[in-house]
Amino acid sequence: MNKLVSIACLFAAAALLAGCPKKSTTVEPPTAGSQVPGAGGTTNAGEGASTTTTPLGGEEGALGAKGGPTGGLLSRKVIYFDFDKSDIKPEFRDLIAAHSQYLIAHPGNKLKLEGNTDERGTREYNIGLGERRAQSVRRAMMLLGVSETQLTTVSFGAERPAVEGDNEEAWAKNRRVELVYMQ
Amino acid sequence: MSKSLRIVRPLSVMLLIAALPLSASRAEFIVEVTRGQENAIPIAIVPFSTPGAGADPVDVAQVVANDLSRSGRFAPMDRKDMVEQPHPGSSITFDDWRRLGNDYILIGGMQAQSQDHYNIAFELYNVLTRQRLLGFQIGANRAGLRLASHQIADMVFDKITGIRGAFATRIAYVSVLGSVPNRSYRLIVADSDGENPHVVMQSNEPLMSPAWSPDGQSLAYVSFEDRLPSVYVQFLKTGERKRVSAKAGVNQAPAWSPDGKKLALTLSTRDGNLDVYVLDLATETLTRITDDPGIDTEPQWSKDGQSLYFTSDRAGGPQIYKVGLQPGDHPRRLTFQGNYNARPRLAPDESQLAFVTQEDSSYRIAVMDLKGRGDVQVLTKGQFDVSPSYAPNGAMIIYASRDKGRGVLALTSADGRVQERLVSSEGEVQEPVWSPF
Numbered sequence: 001m002n003k004l005v006s007i008a009c010l011f012a013a014a015a016l017l018a019g020c021p022k023k024s025t026t027v028e029p030p031t032a033g034s035q036v037p038g039a040g041g042t043t044n045a046g047e048g049a050s051t052t053t054t055p056l057g058g059e060e061g062a063l064g065a066k067g068g069p070t071g072g073l074l075s076r077k078v079i080y081f082d083f084d085k086s087d088i089k090p091e092f093r094d095l096i097a098a099h100s101q102y103l104i105a106h107p108g109n110k111l112k113l114e115g116n117t118d119e120r121g122t123r124e125y126n127i128g129l130g131e132r133r134a135q136s137v138r139r140a141m142m143l144l145g146v147s148e149t150q151l152t153t154v155s156f157g158a159e160r161p162a163v164e165g166d167n168e169e170a171w172a173k174n175r176r177v178e179l180v181y182m183q
Numbered sequence: 001m002s003k004s005l006r007i008v009r010p011l012s013v014m015l016l017i018a019a020l021p022l023s024a025s026r027a028e029f030i031v032e033v034t035r036g037q038e039n040a041i042p043i044a045i046v047p048f049s050t051p052g053a054g055a056d057p058v059d060v061a062q063v064v065a066n067d068l069s070r071s072g073r074f075a076p077m078d079r080k081d082m083v084e085q086p087h088p089g090s091s092i093t094f095d096d097w098r099r100l101g102n103d104y105i106l107i108g109g110m111q112a113q114s115q116d117h118y119n120i121a122f123e124l125y126n127v128l129t130r131q132r133l134l135g136f137q138i139g140a141n142r143a144g145l146r147l148a149s150h151q152i153a154d155m156v157f158d159k160i161t162g163i164r165g166a167f168a169t170r171i172a173y174v175s176v177l178g179s180v181p182n183r184s185y186r187l188i189v190a191d192s193d194g195e196n197p198h199v200v201m202q203s204n205e206p207l208m209s210p211a212w213s214p215d216g217q218s219l220a221y222v223s224f225e226d227r228l229p230s231v232y233v234q235f236l237k238t239g240e241r242k243r244v245s246a247k248a249g250v251n252q253a254p255a256w257s258p259d260g261k262k263l264a265l266t267l268s269t270r271d272g273n274l275d276v277y278v279l280d281l282a283t284e285t286l287t288r289i290t291d292d293p294g295i296d297t298e299p300q301w302s303k304d305g306q307s308l309y310f311t312s313d314r315a316g317g318p319q320i321y322k323v324g325l326q327p328g329d330h331p332r333r334l335t336f337q338g339n340y341n342a343r344p345r346l347a348p349d350e351s352q353l354a355f356v357t358q359e360d361s362s363y364r365i366a367v368m369d370l371k372g373r374g375d376v377q378v379l380t381k382g383q384f385d386v387s388p389s390y391a392p393n394g395a396m397i398i399y400a401s402r403d404k405g406r407g408v409l410a411l412t413s414a415d416g417r418v419q420e421r422l423v424s425s426e427g428e429v430q431e432p433v434w435s436p437f
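Going down the list, the protein sequences come from chains A and B. Numbering-wise (this note's numbering), the first sequence opens with residue 1 and increments by one. Numbering-wise (this note's numbering), the second sequence opens with residue 1 and increments by one.
Keep in mind that the hints were calculated from the coordinates and are not lab data. A hint or two may mislead.
As the list claims (entries may be wrong) - Pairs of lysine-lysine residues, derived as DSBU-like cross-links and limited to a Cα-Cα distance of at most 30 Å, are as follows:
| no. | chain 1 | residue 1 | chain 2 | residue 2 |
| --- | --- | --- | --- | --- |
| 1 | B | Lys-371 | B | Lys-261 |
| 2 | B | Lys-371 | B | Lys-322 |
| 3 | B | Lys-237 | B | Lys-247 |
| 4 | B | Lys-242 | B | Lys-261 |
| 5 | B | Lys-322 | B | Lys-261 |
| 6 | B | Lys-404 | B | Lys-381 |
| 7 | A | Lys-85 | B | Lys-303 |
| 8 | A | Lys-85 | B | Lys-237 |
| 9 | A | Lys-110 | A | Lys-89 |
| 10 | A | Lys-173 | A | Lys-110 |
| 11 | B | Lys-242 | B | Lys-303 |
| 12 | A | Lys-173 | A | Lys-89 |
| 13 | B | Lys-261 | B | Lys-247 |
| 14 | A | Lys-173 | B | Lys-381 |
| 15 | B | Lys-247 | A | Lys-85 |
| 16 | B | Lys-303 | B | Lys-247 |
| 17 | B | Lys-303 | B | Lys-159 |
| 18 | B | Lys-371 | B | Lys-303 |
| 19 | A | Lys-173 | B | Lys-247 |
| 20 | B | Lys-159 | B | Lys-80 |
| 21 | B | Lys-322 | B | Lys-381 |
| 22 | B | Lys-381 | A | Lys-85 |
| 23 | B | Lys-404 | A | Lys-173 |
| 24 | B | Lys-247 | A | Lys-110 |
With the sequences and hints as input, model every part of the structure.
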């Protein structure tokens, strides 16, 4: 590799390390621009050095940065599931009802349902399970009258655990759907 | 004795993938053999002579010995026990080597021809018959010395076992640094022994499912950088990449057709139904292959490109199915033992199918015999063994495992007799895929 490329790589590395944004844990209202496609942009320098940057504020999906309504049940935005199951447990029905009512009352609000699994099993099948859980919540909300246009689902499978650990305690906290409000 | 040396093509730097410099992120692997083969072939790999080779050339003999040892089929002699160190041109006292228990002896010499060009000559002998089995010369620049070493190991392996060697190949894997919620992800390509890692893609959002194109020039993978799982294809030499599938919902599990022109992948409908599709990369047309309310995913092509193996939970839990790609073909279920069989991977010669199976409450790598009665053998003993990938010669399977709470890579021979663990010095590693030849 010639010197020029090495130096370019060094700068790219330095830039990446210096500008690498950490995910914020403070609650910030999502901004309208945060869903701009390509905001999670990737640049490709000539020899294939590749960087990806993520905007700091309003980062959907990071725990604690969900925005949306607060107060009472509405400030709870995570639904947990049993192993290998995607049905809604009775203890979460009130939570789903509360968020559904909010969405019906605020037709301009959109909700992204992020499905997750624990780490056991194959990764790609887990994406399917995460999607199934997100869909389970979506269907429950639509049954309560929420408009389809207000709901989107995404699955992270096992790729974004809330808690690390090879034990049931951690797994139970990872089998979840997160409710992420968008503008 | 006349020597017939052949000049093998000079080797230049194999990988033009550029990357961030590795000083801060060098992920080297420590190989831990957890189970070796009982009748490994004893071989003496004598350190190559290096007159005038310059400072710190690669220890070719050591790389060869490590490769052969890692295959589990060879037991290289300890250097400490070598009383003499012959090289091409010197005579070999075969009786001494025989007395020390060696079946074979490999000797070599490396000469620097100029600033950046080396000639490596090597010879392989059968110690008992004293017959010379191999005699070659390889030219290489400094950056190509490890590759030359792997090629020598391939030739020795092939000559003695009759199986094509797969040491001069690469692996790709995902490296995860940091802890939640501040994780970063890197897609790394390295030599098959884990050395020489290059970062080809880096992100703060998850990366998964790397897949080598059949020509070894590109990687398809899934990236969450767009906030949903999308499929990218990246040309390794230039880093240029194209997003080939980013439909709303799920885009995942890319698998290259044998001719490299299509990708089988998984897409979801608006109601979250995951099914297998085939994407023509040139025309961008999609053909739907499965249509079932269950989760259908993790497709893999047959060698003739006429069928797909895939995972489906249409019968309750995930099982492995095979479907022909002609209109009207129906999926046929292949696995019937246990409640969880997923992520099929076909051996290069289609003699067996590797997959992830649940045994008690553990996830392990199993293989199903495709030529006989479909016998299933569980190869590994871990709790979270997933993501199997065959070496292109079918002799070894690399997979992901967990050890002391960390993601590690591991190797098993296709018959389960050899087991190894590759522990990275940095972070967690997962989703290994072995390159083609």
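Checklist line | In rising order, the numbers of the hints this structure does not comply with | finding: Hint check: 7 and 8 fail, others pass.
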